[in-house]
Amino acid sequence: MKKLFVFTILTLVVLTSLVACGPQKAERPIKVGIIDTYSGPPAVYAEDALNGFKLALDEINKEGVLGTTIEYTTRDEQFKPDVALSMAKELVLNEEVDLLVGTINSAAALAISEYAKEEKVPFIVWISKSEKITGEQGHRYVFSTGENTAMAGKAGASALAQKPYTKYWIAGDDYEYGHAIGDSVQRNLKALKPDVEVIGESWWKTGEPDLIPYLTAITAAKPDAVIFCAGGASMTNVLKALKATGMSEQVPIWIHTATDHAVLKPLGAEAPEGVMGTMDYHFYYPDTPENQAFVKAFEEAYGSSPGFPAFHGYITARFIAEAFKKAGALDKEKFIDALEGLKIASPAGGELEMRACDHQAVLPMYLGVTKKVPEYDFLISSDIVTVSGDGVMPTCDEIKAVRGE
Amino acid sequence: MFKGVGNPSTTLRTRLVSHRWLWPAVGVFIILLILPPLAPRFYVYIFALIFVTALLAMSLNLTVGYGGLFQFHHSVFYGVGAYTLALMLTKTSLPMWVGFIAGPIMAAVVGLFIGWFCVRLSQLYFGMLQISLGSLIWAIVFRWYTFTGGDDGIHGIPRPPILSSSNRAYYFILFALVICLVAMYIIVKSPFGATLQAVRDNPQRCEAVGINVRRHQLMAIVIATFFAGVAGVLFVVLERSVFPSLLFWTLSLEIFIMCLLGGWFTFAGPMLGAAIIVALRTFVGKYTEYWTLVLGVILILLIFFLPEGVMGYFLRIGGSANRRIGESGKGAG
Amino acid sequence: MLGQSFSFAALASQFLVGLSRAMILFVVCAGLSFVLGVLRVPNVAHGALYMIGAFSAYSISTLLGSSPAGFWLTLILAPLVVALVSLIAERALFCHLYQREHLMLLLFTFALSLILGDLVKLVWGATYRSVLAPAFLRGSFPIFGSAFPRYNLFLLVIGPLVAIGLWLFVNKTKMGKISRAAAVDREMVGALGINVSWVFAAAFVIGCYLAGLGGALVAPTISITLGMDHNIIIEAFLIVTIGGLGNIWGALVGSLIFGVTQSLGVLFWPQFAIVFPYTAVVVVLLLRPTGLLRSVW
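Chains as they are written, first to last, in this note's numbering: chain V, 1 to 405; chain W, 1 to 333; chain Y, 1 to 297.
Hints are computed from structural coordinates only; laboratory data are not their basis.
Glycine is no exception: its CB is placed at the ideal position from the N, C-alpha and C atoms.
Heads up, some of the hints might be wrong.
Unchecked claim - Simulated crosslink set (DSBU-like; lysine-lysine; CA at most 30 Å straight-line):
id	chain 1	residue 1	chain 2	residue 2
1	W	Lys286	V	Lys117
2	V	Lys334	V	Lys120
3	V	Lys265	Y	Lys121
4	V	Lys62	V	Lys296
5	V	Lys343	V	Lys54
6	W	Lys91	V	Lys400
Claimed, not checked - Per the computed footprint, the stretches of chain Y lying under chain V, defined by three or more beta-carbons under 8 Å from a beta-carbon of chain V, are:
id	segment
7	134-148
8	223-230
9	263-275
With the sequences and hints as input, model every part of the structure.
Structure, rendered in structure tokens:
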């Protein structure tokens with residue numbers, strides 16, 4: 001009897017969910033389908049991006065777009081690209097979204113990009129940094145509002161080329177992002193300073209908690225400087241290990257996103273000083289009235305300061321709204337045409353452009369060095385040098401060449 | 001650990017006709033045949049995905065349920081089949097059908113290689129060695145960017161023109177599944193299948209009567225990995241992408257759970273387990289971000305109230321105890 | 001890279017680093033091995049319990065501060081939190097399943113790992129957490145000319161202490177001896193009038209306590225994130241297998257092999273670090289198919 005009861009409940013649950021998820025019919029808000037990783041270590045970035053997106057939507061939906069509002073629904077891909085692709089299909093075929101947005105996982109972003117091309121649904125990538133997304137595997141239906149490894153590598157190289165170091169060691173997470181950043185920096189650095197030499201490489205499994213053996217081995221090899229290619233939680237592990245071994249005081253170090261708030265905040269005052277990093281958004285820089293207003297609104301809504309994903313999420317929503325307004329209709333092709341070359345006001349002040357030739361947002365990069373300051377109980381980026389987006393992006397001709405057009 | 005007996009004495013035909021499940025199965029098949037024109041595109045996709053996953057789970061069960069082997073890294077062979085087809089379609093200009101045949105064969109070759117080492121060990125050691133060897137293969141696929149695309153995977157894989165629409169892909173997958181199921185059924189009901197189950201239940205006694213235990217186990221592994229390779233090929237047809245995560249141990253664990261959930265000592269149980277997990281993941285994920293919590297709770301409910309898995313429960317209330325390939329034994333190691 | 005010759009100092013310091021990493025692995029794997037030995041079930045939830053240990057250490061140390069007293073209290077309390085969680089899971093659910101098939105018990109621990117993993121997300125959220133080592137364990141000092149973190153030295157001391165404690169427990173206490181007996185022949189233990197269910201409960205809780213202790217020990221050295229459970233569980237299972245199922249000292253040997261292979265391998269072939277653990281396991285299992293030390297069953 002008990003078993004029959006449980007079994008009936010289970011069947012009802014399964015059947016109801018199957019029935020309840022038929023395509024929604026209603027008046028027509030603009031539907032955005034968001035696929036991202038909301039479980040595991042990358043979740044903190046995905047949530048930050050979603051918060052930035054939601055903050056923008058609150059403002060946008062007050063006046064509305066094309067007489068209606070923008071709605072969104074999220075799906076957790078659990079950092080698995082096959083799940084992400086499945087969810088993208090569900091969003092397009094079942095939920096009938098007008099566009100897709102996502103994700104932090106590069107493999108997922110590339111797979112969804114292919115599907116978006118097939119189904120002719122616009123897809124905006126907001127955290128994944130793979131340069132292939134708007135580079136060699138770019139096409140009409142995919143856009144990116146985040147910086148990519150090509151841009152970060154060029155920015156990092158421009159900073160390092162001015163230093164006297166020639167013997168470099170490259171170390172990082174053993175996955176595409178790590179290698180892509182490593183290659184990009186190497187490539188650009190050698191172009192700027194031909195006598196640079198990479199004397200060795202170390203690659204650990206992604207998320208490796210114990211980096212001390214790697215650091216001690218690298219120090220033993222005595223490079224002039226080290227380039228770390230780590231992402232996410234690994235970054236914090238790298239910084240912790242640097243502090244524990246005191247390596248950051250002996251050897252100059254550069255890491256893309258070392259100056260990211262999500263990485264420095266948990267470490268508090270114990271993060272290492274003097275580490276060079278690049279970032280495309282800081283909540284404390286530039287100290288414009290627009291940035292202050294954005295940060296204040298974000299802090300009031302979510303209780304923490306915005307990081308770079310929140311910045312990307314916010315501008316994604318703005319790009320979507322402005323593009324639909326310019327298109328004048330809920331049509332995907334018109335949306336794409338409107339989005340190409342579109343300029344919006346950046347929440348940090350100034351303007352941001354969605355470059356037409358490759359669908360990449362033109363983002364400035366801020367080069368800085370970690371430093372302790374009295375105002376905060378975590379480290380911030382200091383001595384910041386701004387490199388404009390045009391200075392770090394591949395040219396339109398380079399993009400055409402790499403896409404084989 | 002696994003107990004039970006098979007029933008090899010009656011002929012295949014009488015057994016087929018006398019089984020009560022045959023007609024309902026045909027009914028289900030007919031419904032699935034007429035699904036594409038009637039149902040929304042999304043359901044066609046999800047059912048095709050369930051078919052692929054079901055085939056994968058069934059192939060695992062050949063080793064786990066029928067063979068009693070600790071096949072802990074079965075997804076490697078799935079991934080090898082998928083990558084073989086993907087690489088042949090994108091890197092060579094051989095006719096597409098060559099890839100379709102090469103995929104399962106490659107999977108079986110890898111299965112033979114890994115299996116040869118694993119059958120020398122028993123139980124948990126078998127499983128752990130398989131995880132290690134399989135993970136080495138995963139690491140190769142994961143790292144070899146220039147050849148396999150590394151952790152980005154390969155995307156936009158072309159389909160053969162005959163399978164160009166998603167409906168045609170659906171039918172192809174459905175027919176492939178049915179053919180494989182029939183083949184698997186014939187295999188498990190054959191003398192080989194009976195011997196395999198005897199080896200599972202009592203390897204020492206089998207050795208004593210002169211059966212080569214290792215060879216039987218190895219053959220079971222090769223067959224199972226062949227079918228896993230077929231599932232991999234079907235995955236490429238459906239999703240047109242491959243990723244290294246297809247070879248990662250978490251997927252192997254997931255397929256294992258599908259077998260346990262559906263009932264690993266029944267023939268069709270793993271299919272049901274696969275359907276449940278895919279459906280849950282797709283539909284529960286819409287409503288809550290804690291869908292793994294929901295899955296965990298459902299599994300615990302099932303453990304307590306439906307211990308023979310969902311299929312086992314069905315069979316028991318249907319009163320057909322002799323159709324199961326074994327009873328659920330009691331706890332003793 | 002291969003051609004580079006290393007001084008004895010570099011090798012020695014790298015060896016020590018590997019040893020200290022092995023200590024944490026040992027604490028976690030000893031717990032897993034103990035449960036495997038007595039209950040004969042691989043506890044898939046062991047990684048999730050380790051993660052809860054780390055997160056609890058974060059919460060407790062935030063409350064108590066990183067003074068030496070706070071640090072020691074955290075090390076004592078965080079594993080107790082994990083032990084409590086495991087006791088609840090065991091008495092409420094697990095103990096009713098002891099008569100069942102082993103695969104059902106495995107499935108239960110898997111379901112538990114899913115639930116606990118999401119529970120951590122519910123309670124602590126997705127932000128990265130960090131725990132500060134107490135002041136007397138921060139920084140490094142030179143050993144063999146290389147900077148050796150003080151905290152790693154602390155691990156080199158704690159590890160053997162835990163090992164000694166375990167040895168005393170298993171060999172000198174009544175509870176320990178009963179557990180060893182139950183691992184080998186549970187029916188006989190039952191026949192002697194001892195409540196086998198309580199023995200299992202105690203063994204499970206002790207094993208999970210060790211997982212929590214491992215998490216609390218590792219907390220100051222890494223960033224505490226969701227997904228920590230997946231990273232540790234596969235290593236733990238591999239170590240326990242090569243050590244010999246259920247054998248705590250096998251877990252020690254396995255952890256040492258893992259830790260040292262990793263750190264020395266990193267010195268010579270740092271580009272291929274991801275394959276080291278698997279290669280080590282393949283080599284061991286091909287040479288000694290039943291693990292290095294005798295399995296308990």
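Exercise. For this structure, which hints from the list above don't hold up?
Worked result: none
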